[in-house]
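Residues per chain, in single letters:
4 protein chains.
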Amino acid sequence: MKVGIIGAGRIGKVHAKNISMFVPEMEIKTIADPFMNEQTEAFAKSCGIPNTTKDANDILNDPEIDAVLICSSTDTHSKYIIEAAHAGKNIFCEKPIDYDLEKVHAAINAAKEAGVKLQIGFCRRFDHNHRAVYDMVRDGKVGKVNIIKISSRDPEPPPVSYVKVSGGIFYDMMIHDFDMARFLAGSEVTEVNAVGSVLVDPGIGEAGDVDTALVTLKFANGAIGVIDNSRKAVYGYDQRVEVFGSEGCAEDQNDTPNTAVLSTADGAVHGVAYKVMWDRYTGAFVAEMQAFADAVINDKETPVTGEDGLYPVLMAAAATKSLHEGRPVKISEIEA
Amino acid sequence: MKVGIIGAGRIGKVHAKNISMFVPEMEIKTIADPFMNEQTEAFAKSCGIPNTTKDANDILNDPEIDAVLICSSTDTHSKYIIEAAHAGKNIFCEKPIDYDLEKVHAAINAAKEAGVKLQIGFCRRFDHNHRAVYDMVRDGKVGKVNIIKISSRDPEPPPVSYVKVSGGIFYDMMIHDFDMARFLAGSEVTEVNAVGSVLVDPGIGEAGDVDTALVTLKFANGAIGVIDNSRKAVYGYDQRVEVFGSEGCAEDQNDTPNTAVLSTADGAVHGVAYKVMWDRYTGAFVAEMQAFADAVINDKETPVTGEDGLYPVLMAAAATKSLHEGRPVKISEIEA
Amino acid sequence: MKVGIIGAGRIGKVHAKNISMFVPEMEIKTIADPFMNEQTEAFAKSCGIPNTTKDANDILNDPEIDAVLICSSTDTHSKYIIEAAHAGKNIFCEKPIDYDLEKVHAAINAAKEAGVKLQIGFCRRFDHNHRAVYDMVRDGKVGKVNIIKISSRDPEPPPVSYVKVSGGIFYDMMIHDFDMARFLAGSEVTEVNAVGSVLVDPGIGEAGDVDTALVTLKFANGAIGVIDNSRKAVYGYDQRVEVFGSEGCAEDQNDTPNTAVLSTADGAVHGVAYKVMWDRYTGAFVAEMQAFADAVINDKETPVTGEDGLYPVLMAAAATKSLHEGRPVKISEIEA
Amino acid sequence: MKVGIIGAGRIGKVHAKNISMFVPEMEIKTIADPFMNEQTEAFAKSCGIPNTTKDANDILNDPEIDAVLICSSTDTHSKYIIEAAHAGKNIFCEKPIDYDLEKVHAAINAAKEAGVKLQIGFCRRFDHNHRAVYDMVRDGKVGKVNIIKISSRDPEPPPVSYVKVSGGIFYDMMIHDFDMARFLAGSEVTEVNAVGSVLVDPGIGEAGDVDTALVTLKFANGAIGVIDNSRKAVYGYDQRVEVFGSEGCAEDQNDTPNTAVLSTADGAVHGVAYKVMWDRYTGAFVAEMQAFADAVINDKETPVTGEDGLYPVLMAAAATKSLHEGRPVKISEIEA
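Chain order of the listed sequences is A, B, C and D. Following UniProt numbering, the numbering of the first sequence begins with 1 at its first residue and continues without gaps. Following UniProt numbering, the numbering of the second sequence begins with 1 at its first residue and continues without gaps. Following UniProt numbering, the numbering of the third sequence begins with 1 at its first residue and continues without gaps. Following UniProt numbering, the numbering of the fourth sequence begins with 1 at its first residue and continues without gaps.
So that you can see chain A by itself, here it is in the shape it has in the complex (with noise of 0.2 angstroms):
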């Protein structure tokens, strides 16, 4: 399975560099970026990729490929997914497809008209932890879901340029306990009410988003849910679920990088949390991978659909619209 990765920054070089060690049935052929440089030509030789270009065409147009990853920048994605799709390539795209609904569907349907695989980037699926959850639920632990909490809380906020062109705390960062939400509930969300506050940077307040947000949920099938986000936890990352249900309750405990505990006078010291994204985050990123390697070569359902790219944009835009209004805003609202 030859593959092109359409996209050299930070995420498109952890795909490259993953596959390129654990993704052995994948072999990345080609690497575009419109900023090539010799840098990013040193970094695709140490992974082993042949080419490297700037045009994406050289891909797309390449009938040796198979897959396209594509790490791009996001208001290129659901161009790209069309592209590709014409192109008859499976696609693995990074979240979110697009902000503008239009787009989003418009990708979708590029893919299912073409009839090519298409995988989205919600790589917290593959995590260890909640994983694992996600396996007690699937598999009737807790009986039937009645709550669902997920924490997610950064280390540190973005900076504030980032947050005006983002679309805020809900798609940028929320949106990945939206999805991980409709994964572990395993039912659609169907009305969010957003709370939030700016208590992190004044900063962001200034730039029209908050830093600090709860969303309650509801779900088609009676559950309800909170999702609670922090731009700034000063203890690392913090990332946990908990799925309250009829039989039980699901949930796992913040990951820390080992088990040491320090006794003293003071008490009992637990270590630190993780700092750094990609730390915390590693084996979720080559899961996703394998996952997608798996879809294409098995010819399986990809694990995240074009469809679970769009709800979690769907959510956004109700907890945005709600946060403005302040009152619960309806999917079907947004959907219309």
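Misleading hints may appear alongside valid ones.
[Stated by the list, open to error] Now the in silico label distances, taken between C-beta atoms and shown as ranges:
hint, chain 1, residue 1, chain 2, residue 2, range
1, D, P257, A, K232, 48 to 58 angstroms
2, B, D135, C, G326, 49 to 59 angstroms
3, D, E247, A, T282, 27 to 37 angstroms
[Unchecked claim] Distance condition first, Cα-Cα at most 30 angstroms in a straight line; then the derived DSSO-like pairs of lysine-lysine:
hint, chain 1, residue 1, chain 2, residue 2
4, A, K330, B, K232
5, A, K45, D, K29
6, A, K17, D, K164
The hints are simulated quantities; they were obtained by calculation from the structure and are not laboratory data. Just so it is clear, the structure is predicted and the values come from calculations on it, not from any experiment. Glycine residues also receive a C-beta, built at the ideal position from the N, C-alpha and C atoms.
The hints should help you fit chains B, C and D onto chain A, whose structure is shown.
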């Protein structure tokens, strides 16, 4: 310090027993209950209480008695507070004062005008775990409070007959968490939004209530919070609080009767949670009574004032309105 | 069931208080202490004990008294056991019975011949954590016992003056763990090997003792075990047991006063351990007295028999000999 | 830095794979195995190793090769160390160097005389948990080391045929813990006392070995320690270390593949432990190879020297002697 207890039901007996065992500063002179019988008289004797009566006035009119514990049914709380205040007695009253806000205000005012102490029985403020979290927050260990999360789940739903008269989940169950939220935040709640479902017992739904609920909170200081309640957690009482702030996160873990762990081929099993509320909060009931004795004897403000009894009722009223109207409700709407 | 307490020192007072609060089946008629004074008389009154005396014979000769609690100094234990047995009274005696094996045997025999109950004060058998581990082992959850590990560390070393008369670390401290080892293994120890060092307090070394010790155990059933003791753990009482068997491993974690956790940039800090022995084993002291009442009233064997008092002394003697001679010592060498 | 690997069994392949994936500073030129076959050749190709051979001399005689990894059977280790040393190559050798002390000394001396690096494969020094404990100890967090405790239990006993040739539990299993004890204590062991039983597999007893063992350790600096081993823990790998000192206690908890917890009516179940050694110590194998590359390239002392390979063999010999003779054995008895 001589006290009289009005009401010899379950909670009245718990306080009587605890005072006789753990609060040597207090001496119970009389216990009153309209259904006084031989069994209760024997109980009183075992606690060293010299007098039993069917008439609460025997307590209210006794000049030797310094303080009254009001442990009767909720509908009599405000009446007895007012009468005890007029009699110049310090007052410990079980929560809630009343569900009728006028009555609550009248009771609080009566105590104020009489210059007597009034403490409301929000015992969870005295729980060893929640108190330790509170102490961390109060001592500035988490910095400025940004997010408050409270989980409170009971082992079994109450009978539907109880739900019909209790005022519903927000009044009889979440009211403890409303108090805890204020206690931990050190700030008043200004707005709530409630979502709820009937997922445990359809009979509760038929009685017009929900058995699973999530309420988001906005605090005056900008912090946001969420409380989740379920009427039934198969693993027993699940009582956890979390306060996330600018400098860290304080949380407690659910309490278990012991720390034993069994590792077998199926995993490492930690002990079950408490299944009986009186076991779970044993120490808290003792501590609140010691605090009341301390407030009276040393002329300090009680640690749970009349206003502390009022605000959770306002929050319960707002949450109920929010659930019914499907929109966030400001506390000021209720107060008006 | 009427009881008399011989000895009104710290432990005598703890038992008196606990009985008055938690063991309604027992009524303390008399407490005796050669140094009886006003303070102790006031204490007795607060516990509802009608009689105080300087003469233990007032208890031993009182035909109304059913049981005697021997809480006097160790050198008087065997004498009082024998006298109480002759007087036909059931006996609870603090550990150890004596360090002189002949006296231990004489005391046990006296109780047997008189047909009275004898319970030794190894309170840790009643600790909530250790008991839960014991229950798991007894219920076969770990299968056949292969390895037993016990850690027992104190917050502060005792005064050197105490070490000089206590018999040393194996007699005054590890004796609890020797009992726990037999209790958990359900098998007798046949051989011990001791290693020790003076690492905490040079004065303890000058007094001829060690303050840090490891003793390996061989059990009759083939299991092996190890106990470690330190006179000083800066983080407080560290009391853990572990039973590893063919089907799993049961262990307890050290006890803390609460479950609160503070996560900051420095890591997640769990609460400090107990610093005061009476706080750590509060419940155990109550439970052992309830068990004694149950044994006497319902004519059951006591849960800690005279033999249970004998064996740990044999083990302490063997460990002391092993440490001095630098070789493993069989229990049969001591018994002979 | 060009390397050759002698021995393409399981551990040779693990190192080859890890180098190709995670140690870019190293380039494997040749892999040698007397049983070289098509499968191994394919494996070599997949790792980008250009040459395969049946003759280790192709590596030893290759002037381009800077370092040799000796992953062949134990009986050939010392021979290859000596030959590689004579050939001027830096050496990474799997543990143990040999069981014959003369051969061990000869190998160490050969490396010393040749001025080449020698690192022994005690991979557990590089484990994320044990390393974090080590760091705490090294940084003085526990003060002066008083007690060291190490638990090491395997999921399944090895075949009896292996036990017959491995030298027994002290040589093939506890040798890792002997190394860990020295590593953590920062002091040499002067005396050991071993107790052991056959509790897992009677066949191991028939082969003259034990399957359950406890060894107490005396260190030159006065600290004392204990190691327990069992050939079979039904719950999987149980690998824990604890260092107790004058200022605190550093310990790690057993590793689990994830942090998920399931609370049901039966208690809270944490995940099972690892069942496969390669999963448990994945990171450690990588880290030891990175450390070897670092030592060679930057001309540092290797983190596990030849002497570090020698001492655990001395301890295993002493423990074996102690078990057979039923007495403590000084390391100096073995060295002599």
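Hint check:
1. D:P257 <-> A:K232: 48 to 58 angstroms: 30 angstroms, violated
2. B:D135 <-> C:G326: 49 to 59 angstroms: 50 angstroms, holds
3. D:E247 <-> A:T282: 27 to 37 angstroms: Check passed, 34 angstroms falls within 27 to 37 angstroms.
4. A:K330 <-> B:K232: 28 angstroms, holds
5. A:K45 <-> D:K29: 19 angstroms, holds
6. A:K17 <-> D:K164: Status violated; Cα separation ~44 angstroms.
When held up to the earlier numbered hints, the structure conflicts with 1 and 6 and fits the remainder.
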